[in-house]
Each structure stands twice: as C-alpha cells, then as structure tokens.
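There are 2 protein chains.
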Amino acid sequence: MLEEGEDGALTGLRTLLPDAGRAHLLGITGPPGAGKSTLVDRVVSELRRRNKTVGVIAIDPSSPFSGGAILGDRVRMQTHATDTGVFIRSMATRGQLGGLARTSFEATTVLDAMGYDVVLIETVGVGQDEVDVVELAHTTTVVSIPGMGDDIQAIKAGILEVGDCFVVNKADLPGAERVAMQLAAMLHLRESSGENWETPILKVEAEKARGIDQLVDIYEAHRAHLASSGGLVRKAVRRNERVFHELLRERTAAQALHAVEGGGEPVLAALRAGEIDPYTAVDRVLGEEHD
Amino acid sequence: MLEEGEDGALTGLRTLLPDAGRAHLLGITGPPGAGKSTLVDRVVSELRRRNKTVGVIAIDPSSPFSGGAILGDRVRMQTHATDTGVFIRSMATRGQLGGLARTSFEATTVLDAMGYDVVLIETVGVGQDEVDVVELAHTTTVVSIPGMGDDIQAIKAGILEVGDCFVVNKADLPGAERVAMQLAAMLHLRESSGENWETPILKVEAEKARGIDQLVDIYEAHRAHLASSGGLVRKAVRRNERVFHELLRERTAAQALHAVEGGGEPVLAALRAGEIDPYTAVDRVLGEEHD
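Line by line, the protein sequences are chains H and V.
Using the numbering used here, count along the first sequence one by one with no gaps and you end on 291.
Using the numbering used here, count along the second sequence one by one with no gaps and you end on 1291.
The following block holds chain H by itself, in its conformation from the complex (with noise of 0.2 Å):
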C-alpha cells in the first residue's frame, strides 16, 4: 500500500490518513550528551506501565556507511525488543529523498494511524531541520544537563522557545540547580505563548529512573491542556502547512525539469562544465533566461 513515488512521497500514506491523529506525539530533543536515549528508554518503560503502546522514532544524523554501527550501539532498543506494544525506528537524515518535517511526518503519520497511543521523537536539538521536527509535536522536552559550557547555552537559546517542558537530567551531578534557574530566568524572558500553560521544569535521573513518573504526568498534564484549550487542532495545522509546503517544493521543482529538455540534463551539464552559474541554470529551466 506504502509506495514510494517519483518525488519520495509515500503515495498510499493519504489513505491511512483517516485513521490518523488520535496519537499524544511527544518530541524530546537536547544537545549531545544529555543523555535522551535513557531518558527516552525510561519514558517508554513508563508509558507502558500505563498501559500505553508506544512508537518512537529517532532521527539520527549518521551517515549511510556508519549508519549500522550507531544503530548497533542503540543499547536501550533491547530493553523493549520482544515487546509488541513498542515500535522502534531509527531515520537517518543523510540520503533522505524530501524534507526531513515531511519524512518524519510520514513515519509518524504511519504509527499513528497503525494505532499506537504515544508516537515519541527523539532528535538531537541543534540543527535546524531537527529543531523545527520536534516543534511538530504536539508536546515538546527539552533535555539539559549540568556543566555542559556556554556553547550549550547558545544552543539552548535556540531551540528555548519550542519546549513544553524542560528537562534537567543528571539531577544529581553539582550544578543541577544552577541550570534550572537558569532556565527559569530564560524562561521568565520567553515571550508568552497566550497558551496559559506553566512550562515546568523538571530535575530527573534518568539513569535511576527518577522523575520519570512526575515527567508522564507532565505529558498527560499538557496533552489535556492542549485539547481543552484547542492547541491540539493548532499544532495540527502547522504541522500541515510545514508538510504542503516541503512536498510543493520538491513536486513543482520535479515537474519543472521533467518540462525541459532532456529533463534539464543538458543546462546541469551546462552549470557542471562553470557554463552557467545556478542562477542563470534556474533562469534557463524556468524558461526566464535574461542577458
């Protein structure tokens, strides 16, 4: 039924999509190091001791030839591999034919709609693309950890302004404290939302699984919020719009070199022998060519 098309586009994803959005999509993201792996790992654990069956999928930014050997070092995936109400997928997003929000977007419109009640996204929280996935679900974490330096400040700066909750793992190491307030003063200088949600900020240990429970309850907190206060439909909506935009992109581009000749063969050949620059390439399969 899932077939790829022309542009990448999975051509029967528009038939599951009736059977789509009942799923909590729930977005983790932070700087390297923070430790989301486990922190994800005792989520899931946590949700299924709720009952919840739980897809996850873990945007990696490997390369294709190393892709298998960060995939192999996915430790935490064994703790739930025999269990069925637990799909795992790791994305790498190297090698992607379409946008990273619409590929993603695909992968959990198909869990969604396969039925599982919590589809969880894990991406590290610096790029852009990746940034902008997690802001695609409808609960947002943003993971820190202590003494992680001031780069990780800048980092955390950009990507402030997504999370529904914050995250400050290691809880235990010196400077747990520090980092939530400094988090909170980042958070008081956030402009409001107008979304009347309290955005908390939580101290968990992953490793020892403490907080985890509180962090559940947080998800199920926000999930309510969001459905009371018609955020779910609004999330829903600039999930969309992102989508239709990415696919127009890609399908108008596809339809304009299928309208030239030799499918633009001859102009890219022109821009590879320094002929052309690509904007006069652009100008040419356009058809808008100027002196």
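Wrong hints could be hidden among the right ones.
What the hints assert, rightly or not - The following residues of chain H were derived to be distant from chain V, with all beta-carbon distances above 12 Å:
# : residue
1 : GLU46
2 : ARG50
3 : THR82
4 : VAL216
As the list claims (entries may be wrong) - Label-pair restraints from in silico Cβ distances:
#  : chain 1 : residue 1 : chain 2 : residue 2 : range
5  : H       : MET114    : V       : GLU1289   : 23 to 33 Å
6  : V       : GLY1175   : H       : GLU198    : 39 to 49 Å
7  : H       : ALA224    : V       : THR1082   : 51 to 61 Å
8  : V       : ARG1238   : H       : GLY287    : 22 to 32 Å
9  : H       : GLU220    : V       : GLU1207   : 41 to 51 Å
10 : V       : ALA1227   : H       : ALA270    : 15 to 25 Å
Because the hints were derived from the structure by calculation, they are not lab data.
Backbone N, C-alpha and C fix where the C-beta goes; we use that ideal spot for every residue, glycine too.
We have chain H; now place chain V onto it with these hints.
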C-alpha cells in the same frame, strides 16, 4: 546592488559571481562544547600573521529573540574588531528566507568577491543542514574533544565523511590520545575518497594557541592538493548544483502558488480548516486533484 527578490534571493548577487572563486573556503564544524569559537579565533590570528585577509561566517542555531544575546557572547570577535582585514558575520538559522545552503553560499560569495583571501564558515556539526554547509567548503575541519561520551560518537560518525582534517582540541585533557586513536580507526573504515589525500588528525590546544600554525599549514597543503587534483573545480560544481536545486524548489513553488486563485490562499484556508490534507492541497495547487 544587492537586493532581496520576492523569493529572498539576492538578485544582485550574480553580478558579483565573476569576482568570486579566488578565496579559500574553510569549513569548521564539530559538536557543542568542542571549543570551535576559540579555535576559529586562533586560526584567524594565524592567517592574519601570514598576511591573509579573512571573512568569517558563523552559523548560529539561534532563535530570533535570543540572537542578540548570543552575538553579545561572542567575545572572540572583539579580538579582531578593529582589524579591517577581518570581517565577521553571524547568520541565524531560524527565520531565514531560503535554505541554509543557499543563504550561506550567498554570504560566502559576497565575501569571496570582496577579495578576502580566506572565507571561514563555522557551524555546529549536528544538524543535516549545518553539515551540508561546511561540506560545501574546500577544506573541512571536524573538531572533537576528549570525554564527550557515546552521543558524541554518533555525531562524529555523522560528520566523519566530510572531514578533510580532524582536530582534537583541548589536547591537554586526559583521553585526547584515545580520541585521536578512535578517529584514526574510524577513518580507516571510511571508504577512500580516491583523492589521494592523507587525512590528518591533529591535537591542538586552541586556548593556548598550540598547534594552530601546523593546522594552518595543513590548510595550505590541502588547498594546493585540491588545486593540483582538480578538487577545487569538483567542489565548486557540487556547491553550484546544490544551490541550483534549492533555488529551483523555492522559485517553482512560489510560481505555482502565484498562478492559482488568490495566491493559493483558498487552498491554504481549506488546509487550515482541516477540510483537505497536505497531499490534496498540493494536488489542488498543481491542478491534479484526485477523487
């Protein structure tokens, strides 16, 4: 001369293209906390000592509201603030019109055409877009530090293949030799690029400016290698192709929306109202609606 067109493209840019193509484009990437900013500062100093003028483009994963604060944090810029041989520009990755590859290409081209001998692009090497950007440079440096855990390993794997040179920063910390050995082992697994370039792994202490002169020697050697092996042309072709595809996608999508009723607003309204899904919305814009 440089004006933003409807699609955000710098329409005057093509007039600069004939003047560009002389600068050595350096990409520096690595995970957060690796000390990239300090390293860039020291490399700029060493290049200046060698009488090279330098343009720096720092890709900030910053949000619009926090951008100012992050720029303020860039103390390193103060070192070179009064040096007319150095130009530094931070680019936010959020809220940009046009893809990151195209906008950074444009910024690079401007600095190149202005006559800077070296244009240095710094990104946090985690997101796909950010890796792509440094990959478009002539010489890409991947920065690591000791003791950042498994999460870093995954990232290193993601950016391993784009490195022309590997730097282990903070080489005075325990574990530096181990990181260098791990990198050597991973590079050994890397498929040969067929470029006959022995990828160096260099231990430095950017804070104390130790190893920076060797690093800049490597840059000069790699530049000479590219010039003699045809690599400069090959990299320029890849950069041009990438920009061509990004620009084509944006312009064709804008044209398609422009061509339908109300600039696509009725379709977007139906999408926002949940009457149609994103796939149907794209079909409708393209006049290809299915039943």
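Going down the list of hints, with the structure as the test:
no.: 1; hint: GLU46; verdict: 22 Å, holds
no.: 2; hint: ARG50; verdict: 28 Å, holds
no.: 3; hint: THR82; verdict: 24 Å, holds
no.: 4; hint: VAL216; verdict: 23 Å, holds
no.: 5; hint: MET114/H with GLU1289/V: 23 to 33 Å; verdict: 27 Å, holds
no.: 6; hint: GLY1175/V with GLU198/H: 39 to 49 Å; verdict: 42 Å, holds
no.: 7; hint: ALA224/H with THR1082/V: 51 to 61 Å; verdict: 57 Å, holds
no.: 8; hint: ARG1238/V with GLY287/H: 22 to 32 Å; verdict: 26 Å, holds
no.: 9; hint: GLU220/H with GLU1207/V: 41 to 51 Å; verdict: 47 Å, holds
no.: 10; hint: ALA1227/V with ALA270/H: 15 to 25 Å; verdict: 24 Å, holds
When each numbered hint is compared with the structure, no violation occurs for any of them.
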